[in-house]
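Keeping their order, the protein sequence lines are chains A and B.
Residues in the first sequence are numbered from 1 upward in steps of one, following the numbering used here.
Residues in the second sequence are numbered from 1 upward in steps of one, following the numbering used here.
Please note that the accuracy of each hint is not assured.
Said to hold, decoys possible - Restraint ranges, calculated between C-beta atoms of paired labels, are given here:
| no. | chain 1 | residue 1 | chain 2 | residue 2 | range |
| --- | --- | --- | --- | --- | --- |
| 1 | A | Arg-41 | B | Ile-110 | 15 to 25 Å |
| 2 | B | Gln-58 | A | Met-40 | 44 to 54 Å |
| 3 | A | His-10 | B | Ser-80 | 19 to 29 Å |
| 4 | B | Ser-18 | A | Asn-52 | 21 to 31 Å |
| 5 | B | Arg-69 | A | Ala-2 | 29 to 39 Å |
| 6 | A | Gly-16 | B | Trp-83 | 39 to 49 Å |
| 7 | B | Arg-69 | A | Ser-112 | 21 to 31 Å |
| 8 | A | Pro-81 | B | Pro-79 | 31 to 41 Å |
| 9 | B | Ser-52 | A | Pro-81 | 28 to 38 Å |
| 10 | B | Gln-42 | A | Pro-70 | 38 to 48 Å |
| 11 | B | Arg-69 | A | Gly-16 | 19 to 29 Å |
Claimed, not checked - Pulled from the structure, derived: some chain B residues nowhere near chain A, Cβ distances all over 10 Å:
| no. | residue |
| --- | --- |
| 12 | Ile-11 |
| 13 | Gly-16 |
| 14 | Ala-17 |
| 15 | Phe-67 |
| 16 | Asp-85 |
| 17 | Ser-98 |
Unchecked claim - Heads up, simulated DSSO-like pairs for lysine-lysine below, C-alpha to C-alpha not over 30 Å straight-line:
| no. | chain 1 | residue 1 | chain 2 | residue 2 |
| --- | --- | --- | --- | --- |
| 18 | A | Lys-68 | A | Lys-78 |
| 19 | A | Lys-24 | B | Lys-61 |
| 20 | B | Lys-49 | B | Lys-61 |
| 21 | A | Lys-68 | A | Lys-24 |
| 22 | A | Lys-78 | A | Lys-24 |
| 23 | A | Lys-24 | B | Lys-49 |
The hints are simulated quantities; they were obtained by calculation from the structure and are not laboratory data.
The beta carbon of each residue, even a glycine, is placed where N, CA and C say it ideally should be.
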Amino acid sequence: DAGVIQSPRHEVTEMGQEVTLRCKPISGHDYLFWYRQTMMRGLELLIYFNNNVPIDDSGMPEDRFSAKMPNASFSTLKIQPSEPRDSAVYFCASSLGVGNQPQHFGDGTRLSIL
Amino acid sequence: AQSVTQPDIHITVSEGASLELRCNYSYGATPYLFWYVQSPGQGLQLLLKYFSGDTLVQGIKGFEAEFKRSQSSFNLRKPSVHWSDAAEYFCAVASGGSYIPTFGRGTSLIVHP
């Protein structure tokens with residue numbers, strides 16, 4: 001079975017540019033999560049969706065960040081405009097429910113903002 | 001609010017030695033507990049999970065963990081470490097309210113030959 005698929009794997013762009021990260025969750029999973037991982041702050045939950053509806057976006061750092069889930073098989077995380085401090089690895093994860101259900105992570109997008 | 005503490009940022013062991021990674025949590029209800037492993041350049045992979053029943057749970061790659069309610073701990077163990085176990089290990093807890101998991105900061109395992 002295909003796991004969570006993220007694209008691109010690496011992104012290097014200049015400050016001020018728009019960045020779009022993409023995620024395809026595991027088919028049938030009803031929860032989708034976006035995380036950011038840095039050395040300084042560890043793994044941070046940015047936002048999560050249930051049945052394509054955003055439930056909690058309190059982890060989104062600021063208005064430059066936005067996330068959408070137009071259907072059950074696709075989600076995007078957008079940063080506009082990007083800044084050097086946004087450089088991090090961004091992970092998408094999906095799960096079949098919460099509580100006793102583990103999350104399945106993609107391999108992440110390593111983002112570098114110059 | 002739930003919180004997870006992994007007190008060791010780095011752990012260094014020799015290949016073949018035993019391993020124990022610590023995880024402590026605070027929670028307001030019966031927790032669901034997880035350990036994940038992250039190899040370089042990859043996402044987190046589930047090692048094992050605990051919900052109820054036997055407090056000693058077995059996972060993949062020869063790992064096990066023990067839930068101790070009295071100590072609010074869920075430590076990960078392996079009797080003999082292999083060089084391929086070098087990775088970052090994360091403990092996660094889900095409880096009360098939304099049951100969305102909270103992750104610890106992670107412990108980096110270094111294995112010496």
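Numbered hints the structure breaks, given as an ascending list | 2, 3, 4, 7, 8, 9, 10, 11, 17
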